[in-house]
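Those protein sequence lines, which keep their order, are chains A and B. If you count by the UniProt record's numbering, then the first sequence holds residues 1 to 473, one letter each, in order. If you count by the UniProt record's numbering, then the second sequence holds residues 1 to 473, one letter each, in order.
Careful, some of the hints might be misleading.
Identical copies look the same in the list; a pair holds intra-copy or inter-copy alike.
[What the hints assert, rightly or not] Calculated pairs, DSS-like style, for lysine-lysine (alpha carbon to alpha carbon, straight line, at most 30 angstroms):
| hint | residue 1 | residue 2 |
| --- | --- | --- |
| 1 | K88 | K362 |
| 2 | K194 | K88 |
| 3 | K194 | K232 |
| 4 | K54 | K470 |
| 5 | K243 | K263 |
| 6 | K251 | K54 |
| 7 | K269 | K285 |
| 8 | K470 | K285 |
| 9 | K409 | K119 |
| 10 | K194 | K243 |
| 11 | K33 | K215 |
| 12 | K54 | K465 |
| 13 | K285 | K251 |
| 14 | K412 | K263 |
| 15 | K251 | K412 |
| 16 | K36 | K340 |
| 17 | K194 | K362 |
What the hints contain is simulated information worked out from the structure, not anything from laboratory work. These numbers come from a predicted model, not from an experiment.
Protein chains: 2
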Amino acid sequence: MTDLQNNQNENKSNISKMTSLNKETNVSTNCLKTPKGMRDFGPAESLIRKNVMKKIITCFERHGATTIETPVVELMGTLTEKYGEDSKLIYELKDQGGEMLALRYDLTVPFARFVATSKIQFIKRYQIGRVYRRDNPAMARGRFREFYQCDFDIAGIYNTMLPDAECLRIIHEVMSDLNLTYKIKINHRYILDKIMEFCGVPESMFRTTCSSIDKLDKMTWDEVYNEMVNEKKLNSDVAEKIKNFVYKNGKEDVIFWLENIFKDYKDTKLISTFNDMKSLIQICKDFSMDHCISIDLSLARGLDYYTGVIFEAVLVDTNGIGSIAGGGRYDNLVGMFTKKNKSVPCVGMSLGIERIFSVLHKNMKKEKKLRQCTTEVCVVSGQSNMFSNRVKIVSKLWDNGINAETPYKRNKKLLDAFQYCENEQIPLCVVVGEMEWNENSVVIRNQFTREQLTVKIDDMIDTLKNLLNKPNV
Amino acid sequence: MTDLQNNQNENKSNISKMTSLNKETNVSTNCLKTPKGMRDFGPAESLIRKNVMKKIITCFERHGATTIETPVVELMGTLTEKYGEDSKLIYELKDQGGEMLALRYDLTVPFARFVATSKIQFIKRYQIGRVYRRDNPAMARGRFREFYQCDFDIAGIYNTMLPDAECLRIIHEVMSDLNLTYKIKINHRYILDKIMEFCGVPESMFRTTCSSIDKLDKMTWDEVYNEMVNEKKLNSDVAEKIKNFVYKNGKEDVIFWLENIFKDYKDTKLISTFNDMKSLIQICKDFSMDHCISIDLSLARGLDYYTGVIFEAVLVDTNGIGSIAGGGRYDNLVGMFTKKNKSVPCVGMSLGIERIFSVLHKNMKKEKKLRQCTTEVCVVSGQSNMFSNRVKIVSKLWDNGINAETPYKRNKKLLDAFQYCENEQIPLCVVVGEMEWNENSVVIRNQFTREQLTVKIDDMIDTLKNLLNKPNV
Chain A
1 MTDLQNNQNE NKSNISKMTS LNKETNVSTN CLKTPKGMRD FGPAESLIRK
51 NVMKKIITCF ERHGATTIET PVVELMGTLT EKYGEDSKLI YELKDQGGEM
101 LALRYDLTVP FARFVATSKI QFIKRYQIGR VYRRDNPAMA RGRFREFYQC
151 DFDIAGIYNT MLPDAECLRI IHEVMSDLNL TYKIKINHRY ILDKIMEFCG
201 VPESMFRTTC SSIDKLDKMT WDEVYNEMVN EKKLNSDVAE KIKNFVYKNG
251 KEDVIFWLEN IFKDYKDTKL ISTFNDMKSL IQICKDFSMD HCISIDLSLA
301 RGLDYYTGVI FEAVLVDTNG IGSIAGGGRY DNLVGMFTKK NKSVPCVGMS
351 LGIERIFSVL HKNMKKEKKL RQCTTEVCVV SGQSNMFSNR VKIVSKLWDN
401 GINAETPYKR NKKLLDAFQY CENEQIPLCV VVGEMEWNEN SVVIRNQFTR
451 EQLTVKIDDM IDTLKNLLNK PNV
Chain B
1 MTDLQNNQNE NKSNISKMTS LNKETNVSTN CLKTPKGMRD FGPAESLIRK
51 NVMKKIITCF ERHGATTIET PVVELMGTLT EKYGEDSKLI YELKDQGGEM
101 LALRYDLTVP FARFVATSKI QFIKRYQIGR VYRRDNPAMA RGRFREFYQC
151 DFDIAGIYNT MLPDAECLRI IHEVMSDLNL TYKIKINHRY ILDKIMEFCG
201 VPESMFRTTC SSIDKLDKMT WDEVYNEMVN EKKLNSDVAE KIKNFVYKNG
251 KEDVIFWLEN IFKDYKDTKL ISTFNDMKSL IQICKDFSMD HCISIDLSLA
301 RGLDYYTGVI FEAVLVDTNG IGSIAGGGRY DNLVGMFTKK NKSVPCVGMS
351 LGIERIFSVL HKNMKKEKKL RQCTTEVCVV SGQSNMFSNR VKIVSKLWDN
401 GINAETPYKR NKKLLDAFQY CENEQIPLCV VVGEMEWNEN SVVIRNQFTR
451 EQLTVKIDDM IDTLKNLLNK PNV
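Using the sequences plus the hints, can you model the full thing?
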């Protein structure tokens with residue numbers, strides 16, 4: 001090829017004659033950035049993300065989960081009436097003939113639609129994908145408009161709390177695998193509703209009152225009280241009564257305390273809910289993870305679709321990151337997509353993987369540079385007439401499953417090539433020299449020890465594989 | 001937990017009282033489907049896709065490529081004026097305050113924007129991601145509105161055709177790894193333009209005439225001739241002249257033939273282009289893949305951004321699938337995103353992975369059922385009072401990195417559990433029985449041979465790992 005730099009001017013004039021490409025240069029240079037709240041990830045960040053995702057997938061598969069994929073775009077009607085106050089954050093597409101579309105807001109509602117569409121009765125699946133929220137981005141705190149979610153869900157009718165507990169266990173395993181210290185708050189939607197009823201909250205205000213209480217992890221009681229009484233017009237006596245409940249947290253003791261308060265309620269569903277919560281704690285004990293969990297009556301979670309157990313994991317000793325995983329039981333969501341509301345009960349959890357990345361990224365900056373390059377062998381030469389032979393050698397390495405490259409330039413200097421290998425931490429070089437080539441040989445050089453040995457080309461692959469400790473690929 | 005089926009009615013009335021969830025059931029049940037041209041992938045399909053992608057990534061990394069990620073959404077201005085006649089297929093988002101946004105149309109333009117944004121001088125990267133086209137879907141032929149692309153690109157200034165040839169080599173390796181038979185057509189934009197000039201096509205009609213010629217793989221000469229002369233108003237003599245070129249294909253012989261035709265042109269760029277094409281063929285020979293390539297003067301490729309070599313791979317012996325990979329050199333695209341048009345030359349290729357999936361899917365249907373389940377050990381019991389002990393055992397397996405599950409029901413019958421393992425091809429069971437438990441033992445059962453052995457719980461992990469041939473995880 002002619003030197004591209006020299007040809008650039010000529011090239012440009014030809015191209016602008018032929019196409020309209022360069023006319024719009026002004027438009028394009030204004031577009032040097034990504035949309036608000038969205039990001040590029042370069043090789044180093046992508047590698048960290050890839051490694052974290054691999055650990056998470058390993059954990060999901062340890063639990064026998066399969067994976068599915070649903071579109072990033074859904075019909076608008078699929079998403080409406082599922083997210084409560086958050087619905088205003090849904091990203092809509094332009095109507096381009098026929099369908100009202102939106103970008104998915106989470107992976108849970110699409111999963112429920114998938115279960116209904118595919119008429120599935122039971123499935124344990126994970127899904128990793130991007131979701132979209134037209135939120136006010138706060139990049140420093142890991143809040144974006146486009147971000148990954150990692151979800152694990154179990155759909156099916158079972159008579160134990162084991163699926164619910166397994167979601168907690170997954171959080172436990174992922175956090176442990178990533179060396180993060182965390183705790184999980186647990187609550188139950190039905191208990192929350194009964195507390196509302198007990199305190200005298202009007203039924204129509206159950207959800208909005210809960211969503212105020214849910215802010216207690218970020219706001220003081222006075223602020224929450226103010227929101228409930230002055231903004232949402234809740235009776236002040238009622239708000240005072242709620243205070244007795246929301247600071248309660250612990251394990252079975254909280255359930256015993258509630259059982260006592262509600263002992264005159266002849267509500268069989270409430271009784272079985274209390275028993276469910278005790279079973280859940282028992283299974284967490286059998287999982288040796290009960291030290292990480294606590295019942296927390298202020299936890300409410302905003303999304304409309306939850307019907308049973310709800311939970312949220314927060315990091316300990318990491319200020320400002322907030323919840324890092326959350327989930328719960330949503331027994332009626334699939335039914336909303338089926339005729340006659342034929343329900344498939346579900347429970348699941350979602351990992352806030354972007355927040356995990358931002359924590360790990362901070363930790364990693366303290367450590368030494370990550371090797372980004374996957375190349376194991378670099379084929380180099382000091383002589384420009386060896387170009388074709390370098391190409392033949394690198395081709396042979398690829399044929400044999402060795403990660404390899406050779407400089408693209410015809411006359412790359414040997415010392416520059418060695419320097420490149422050192423920077424990129426490429427362990428081995430094959431040096432192609434005219435003298436050796438005439439004897440069907442090449443030199444293999446260890447970039448770390450600088451040891452060199454001359455081998456016949458026929459023995460080169462075996463020698464390299466031995467040096468790389470690589471079995472047949 | 002109380003039996004969910006029995007509680008469903010009660011549940012429903014409570015929920016509908018509390019939230020507005022069920023009011024909109026009619027909306028949701030109409031939304032049982034995915035948007036037009038988009039699809040769900042269940043566990044079996046996802047597994048095939050995952051395995052294919054793994055092979056492709058292995059190949060990309062064999063060539064020392066890193067990976068990056070860019071947003072699915074780009075500023076509209078980033079995408080305008082890059083795709084020629086295809087621009088009408090870009091998916092736009094609703095203007096929701098401030099930014100005009102669109103879903104990405106390919107991964108090439110976002111890559112060029114990324115290179116410009118990050119001020120990168122050289123990079124070899126791959127990217128796998130979904131792209132969006134408001135095209136008329138033809139699902140049976142593998143044409144969708146949302147689909148994956150797998151791209152491999154090399155950016156940087158080099159004085160050989162090696163980067164261009166490496167793209168062809170990557171196609172070769174992926175096709176070979178997937179046991180597909182293919183051939184690659186190669187052409188060059190500058191040669192095409194000189195042919196247009198030679199035949200007397202007006203400069204303003206170069207691109208649109210090329211895009212007609214490009215249809216020769218799907219249309220007859222008469223249809224293409226008709227489009228050029230009657231629709232696009234090209235002079236009929238000119239069209240006749242073009243015919244002499246477009247059926248020409250071969251190797252160096254085509255270049256020699258062209259050199260002869262253009263021998264009186266004193267165009268140094270054309271001379272160096274011919275030399276480039278001969279170098280490219282030589283490198284393909286050194287790569288032992290020259291039998292798979294041919295220069296084909298009818299190949300044009302529609303996208304505006306190509307400036308040099310262009311290529312397209314088609315499957316041999318698979319009717320109707322069309323091109324399965326394509327790409328080329330685009331030396332000015334990065335420059336469109338930088339001030340003063342500071343260019344970074346690029347060459348790259350994109351794998352039509354959906355078409356590959358649809359071919360592999362057809363082939364695979366002939367073969368036996370794929371194992372979808374990742375579970376290696378199922379913990380079962382014939383007694384319902386062993387539920388808590390099953391939970392303890394499965395927890396121990398997870399702790400030791402063994403893929404395991406236990407039935408969610410308290411009283412799952414032993415034979416049903418064995419049947420489930422057989423269906424899912426789960427190789428091992430741990431049977432928890434009361435008698436063995438009292439002696440700190442469990443039974444390990446091989447589901448294929450039906451052999452059973454009783455082991456102490458302390459020895460269970462080692463025994464299972466030996467049976468699974470699994471080193472310490």
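Going down the list of hints, with the structure as the test:
1. K88 x K362: Result: close neither inside a copy nor across copies, 32 angstroms intra and 43 angstroms inter.
2. K194 x K88: within (28 angstroms within a copy, 55 angstroms between copies)
3. K194 x K232: within (20 angstroms within a copy, 73 angstroms between copies)
4. K54 x K470: both (21 angstroms within a copy, 18 angstroms between copies)
5. K243 x K263: within (20 angstroms within a copy, 92 angstroms between copies)
6. K251 x K54: Close neither inside one copy (33 angstroms) nor across copies (44 angstroms); limit 30 angstroms.
7. K269 x K285: Intra 24 angstroms, inter 76 angstroms, cutoff 30 angstroms: intra-copy only.
8. K470 x K285: For K470 and K285, the Cα distance is within 30 angstroms only across copies (28 angstroms; inside one copy 43 angstroms).
9. K409 x K119: Answer is between: at 21 angstroms across copies they meet the 30 angstroms cutoff, but 57 angstroms inside does not.
10. K194 x K243: So K194 and K243 pass the 30 angstroms test inside one copy only (15 angstroms; across, 81 angstroms).
11. K33 x K215: neither (34 angstroms within a copy, 36 angstroms between copies)
12. K54 x K465: both (26 angstroms within a copy, 22 angstroms between copies)
13. K285 x K251: For K285 and K251, only the intra-copy Cα distance (11 angstroms) is at most 30 angstroms; the inter-copy one is 72 angstroms.
14. K412 x K263: neither (84 angstroms within a copy, 33 angstroms between copies)
15. K251 x K412: Between. Shortest inter-copy distance 29 angstroms satisfies the 30 angstroms Cα cut-off; intra-copy 68 angstroms does not.
16. K36 x K340: For K36 and K340, only the inter-copy Cα distance (25 angstroms) is at most 30 angstroms; the intra-copy one is 42 angstroms.
17. K194 x K362: neither (42 angstroms within a copy, 55 angstroms between copies)
Of the numbered hints stated above, those contradicted by the structure are hints 1, 6, 11, 14 and 17, listed in ascending order.
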